[in-house]
Amino acid sequence: MSILATDNFNRANANPIDGAWATITSEQPICISSNVARETSLGADCASRNTGATYPNDQYAQAKCSGGNNSSADEGVGMLVRGASAARTYYRLIMSQGSTNAYLSKKVSGTYTNIWGRVKAWADGNTIRLEAQGTTLRGFVNGSQIGADQTDSAIASGNPGLATSSSLSGATGATWDDFEGGDFGTGVPALTMTLAEPVLMDTPF
Amino acid sequence: MAPRLYVVPVVGVGTKTDPRVPKYFTGATSLLTSQEEWGAMDYGFEPWMCAGADLSTADDGAIAARPDVFAIPTNLDATLTNPQVNQATNKLEAINIPADWITNQLTWRQVLRKVLGMFAYLQRYGVVYSDATGSVAGLFTTGVTLATTYGSLPAVVESAMQTTMVSLGLATNLLLPASTLRVVLNGVGDQSSATSFFLGPVTV
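Chains A and B supply the protein sequences, listed in that same order. Okay, so the first sequence: first residue is 1 according to my numbering, each after it adds one. Okay, so the second sequence: first residue is 1 according to my numbering, each after it adds one.
It should be emphasised that the hints constitute simulated quantities derived from the structure, not laboratory data. Keep in mind that a hint or two might mislead.
To be verified - Covered by chain A, per the in silico footprint, the following chain B stretches (three or more residues, Cβ under 8 Å):
| id | region |
| --- | --- |
| 1 | 31-41 |
| 2 | 99-106 |
| 3 | 121-132 |
The C-beta atom is built at its ideal place from N, Cα and C for all residues, glycine as well.
Turn these sequences into a full structure, and let the hints guide you.
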């Protein structure tokens, strides 16, 4: 795998997100607030795709996610892949902390189909990841795959990005940090490690 | 139970509050009592899905007993019996899936790979058609059947079928004006005989 684009959202507030992002046509935007990406609507789906690279069809999207505390069946926070320039066409993985439901869905011109359902507990700051490789889709939390692979042939291409499903009961809604979009090539390897805090030394070397 | 496939109706109209889902597996019609993992492939925008799951014995029994469900045997490498050939053929033909090629010489895996290849084709067709028209529609709209010829379809449908073939790397020589949809879909399915499909915990 290789990283094609990253965004830590550490910049001035902006609605919608500034830089290499585009709101998916007919969905609600995602903004930057207090150095994280944040949904702008608690009552409608939000989705934004990253345009910071030329993405191949085989791609992944991941970010540290928080929120998604609602208990409704298929609502929460997550990632999207193959977000097309056409109106509301993409795959998305949506996870709810409240219900622990995880749903993989596709939207085609806004027509919404759930194609798998799993149960997976997770916590604020966990890394949620969605991969599309050929006709195979996979979801991950902190590097562990959620259930088995899934086949779907509908959507061939597009860009990775961020997505929410409808209203969230959390006071601040869904947020994302440290977005990463990439492919399955052999370029710069994807980093999964966390850098340690610097150690302060009393005595200089 | 063991991992198993079920051909089930699609319920829901595809809106946020009423998404398309496999009947009996989630949403208002769910019969699952243990929140088991499931995964499904839809037949494009036709009203049928094939869902895979490893259900409890009770949940499997509840779903398999429904008259609108076609439950596939768990051993996919067994050949079909003559009654199973008749049952599968009748069920699939009734939902616009060509099945006149099914015999007792085939295993369930061979049958399913060909059928799921047709599912994959109509999935991609649905996106290609919506990109061209801005709206979604199944292939089998009013008056269209497996006996309908490719050449009699609206130009936008013909074009979307052609584009879908190319997009999936399939041979386009099936798309002759006199070819029926039965012939076209059979040909599509034949080209997926070596393809694996993943539906929840079931690998075909």
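These are the hints, each one checked on the structure:
Taking a C-beta to C-beta cut-off of 8 Å, the region 31-41 of chain B contributes 6 residues in contact with chain A, enough for the three needed, and the coverage statement holds. For the region 99-106 of chain B, the assignment as covered by chain A is violated, since 0 residues bring a beta-carbon within under 8 Å of that chain's beta-carbons and 3 are needed. Coverage of the region 121-132 of chain B by chain A holds in this model, with 7 residues showing a Cβ closer than 8 Å to a Cβ of that chain against a need of three.
Consistency note: the structure conflicts with earlier hint 2 alone.
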